[in-house]
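The sequence shown begins at 1 in this note's numbering and counts up by one.
Any given hint could be a false lead.
Label pairs and their in silico Cβ distance ranges [claimed, not checked]:
hint, residue 1, residue 2, range
1, A284, R208, 42 to 48 Å
2, R180, A72, 38 to 44 Å
3, P228, G344, 52 to 58 Å
4, A389, H248, 41 to 47 Å
5, S169, P386, 29 to 35 Å
6, S100, G344, 43 to 49 Å
Result set (SDA-like, lysine to any residue): computed pairs, CA atoms no more than 20 Å apart in a straight line [claimed, not checked]:
hint, residue 1, residue 2
7, K110, G91
8, K110, S128
9, K260, G371
What the hints contain is simulated information worked out from the structure, not anything from laboratory work. Quick caveat: nothing in here was measured; it's all calculated off a predicted structure. Think of the CB as a built atom: it goes at the ideal place given N, C-alpha and C, for glycine as much as any other residue.
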Amino acid sequence: MARILVVAGTASGVGKTTITLGLLEAFRRRGLVVQAFKVGPDFIDPGFHELVSGRPSYSLDGWMCGRDHVRATVARHAADVDLVLVEGVMGCFDGADPTSDDGSTAQVAKWLHAPVVLVIDASAQARSSAAVVRGFESFDPDLGVAAIIANRLGGEAHARLIREAMRGSCRAELVGGIPRDPALELPERHLGLVTAIEGVLTGERRERLATTIERSVDLDRLLAIASPLPSGGVAAPIEGALRAREIHARALAENVGVVKALADRAGAGTPIYAECGGLMYLAAGLEDADGMLHSMVGVLPAAVSMRSPRLTLGYSEVRFVADTPLGAAGTTARGHEFHCSTLGEVSPQVKRAYRVRGRGRDEHAEGFLIGRTLLSYVHLHFGSNPALAVNFVAACAAASERTC
């Protein structure tokens with residue numbers, strides 16, 4: 001039977017991803033088959049997980065998909081493994097609602113009855129680290145904070161201070177202390193980490209990560225702390241352009257064969273779903289960070305700009321107000337937005353297919369419907385409404401029959 005651990009953090013940037021990757025590699029070296037998951041709507045970290053573990057990593061989003069979907073996803077992909085490692089999102093209690101654990105790492109950990117390994121950035125503290133851990137232990141008594149990994153330690157003397165501070169003050173065990181080492185850190189960009197496909201997680205860095213983890217973390221103790229996983233576990237979107245949008249804008253513009261093919265398909269009424277990076281690619285143009293405008297596919301009669309990046313981040317509730325390839329008017333779904341680009345003014349003549357509501361924002365019109373092409377900044381999670389995928393496949397099949 002597989003065992004499970006959740007790697008959570010006290011905040012973003014404490015080193016969850018780095019430590020998770022090191023644990024994946026260290027356990028893989030021991031011959032264990034490890035299945036990784038990521039809490040929240042993240043599509044970057046799972047790519048790194050897969051690179052290290054050799055298995056696809058999957059997102060677990062409590063707010064968008066609910067308890068049953070989360071538990072079923074884990075059960076489905078953990079049936080043949082020795083260990084499940086779930087990497088958390090942001091701080092352990094951060095999610096969709098500041099007054100509840102909805103959408104948080106804590107919520108997923110409790111649903112899976114999984115012990116939590118809490119990562120703290122100890123670089124500028126000693127005894128205060130124990131106070132931080134005590135706060136996380138007591139904030140939600142139903143959450144099983146079982147182990148602590150102190151990251152970015154200044155040396156053995158610093159590690160000893162942290163160890164002594166926690167010994168008499170915290171229920172959770174200090175199972176490891178990672179020395180400060182800039183060579184272990186993964187580079188970041190405006191949307192977070194760079195992606196695995198860009199080659200930053202080299203074999204040398206993986207080796208260094210795993211060796212550091214093996215020397216600094218009690219892996220046997222972590223395996224003992226891991227709990228048995230409960231029985232039952234507890235057509236293509238144009239989204240990949242997100243990874244290439246402003247970095248490879250010129251190459252995208254110069255690939256005239258693909259540009260023309262997409263424009264022709266859209267004009268012929270082929271169902272197309274373009275979200276976020278896909279919207280940017282199908283827009284009239286893309287202004288890069290240097291102010292250079294690159295022609296794109298031109299389905300959406302507006303340009304997108306990266307010149308003055310402004311982060312839009314958060315969950316969204318979507319209600320369809322028009323019939324689309326994903327669903328008819330009245331369809332509802334959940335998703336999230338995560339982008340730094342700005343869309344220029346879109347003519348009111350272009351039909352809006354969505355009404356979108358997000359925390360801290362008034363309900364607004366979004367989702368641009370041009371023929372059978374649906375473009376939106378919202379990343380819809382099909383797990384929030386599986387009929388979306390069924391509807392899209394049916395729309396594609398119907399279009400294919402018409403062209404035969």
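Evaluation of the provided hints:
Taking 42 to 48 Å as the suggested C-beta distance range, the pair A284 and R208 conforms, at roughly 45 Å. The hinted window of 38 to 44 Å between R180 and A72 holds, with their beta carbons roughly 40 Å apart. For P228 and G344, the hinted distance range of 52 to 58 Å is satisfied, since their beta carbons lie about 54 Å from each other. Judged by the Cβ atoms, the range 41 to 47 Å given for A389 and H248 is violated: they are separated by roughly 28 Å.
Checking the proposed 29 to 35 Å range against S169 and P386 shows it is violated: the Cβ atoms sit about 46 Å from each other. Between S100 and G344 the beta carbons are some 37 Å apart, a value that contradicts the proposed interval 43 to 49 Å. Distance hint between K110 and G91 is fulfilled; the C-alpha atoms sit about 15 Å from each other, no more than 20 Å. Restraint check for K110 and S128: the C-alpha separation of about 27 Å exceeds 20 Å, so the hint is violated.
A threshold of 20 Å between alpha carbons decides the hint, and for K260 with G371 the separation of about 17 Å falls inside it, so the pair holds.
Consistency note: the structure conflicts with the earlier hints numbered 4, 5, 6 and 8.
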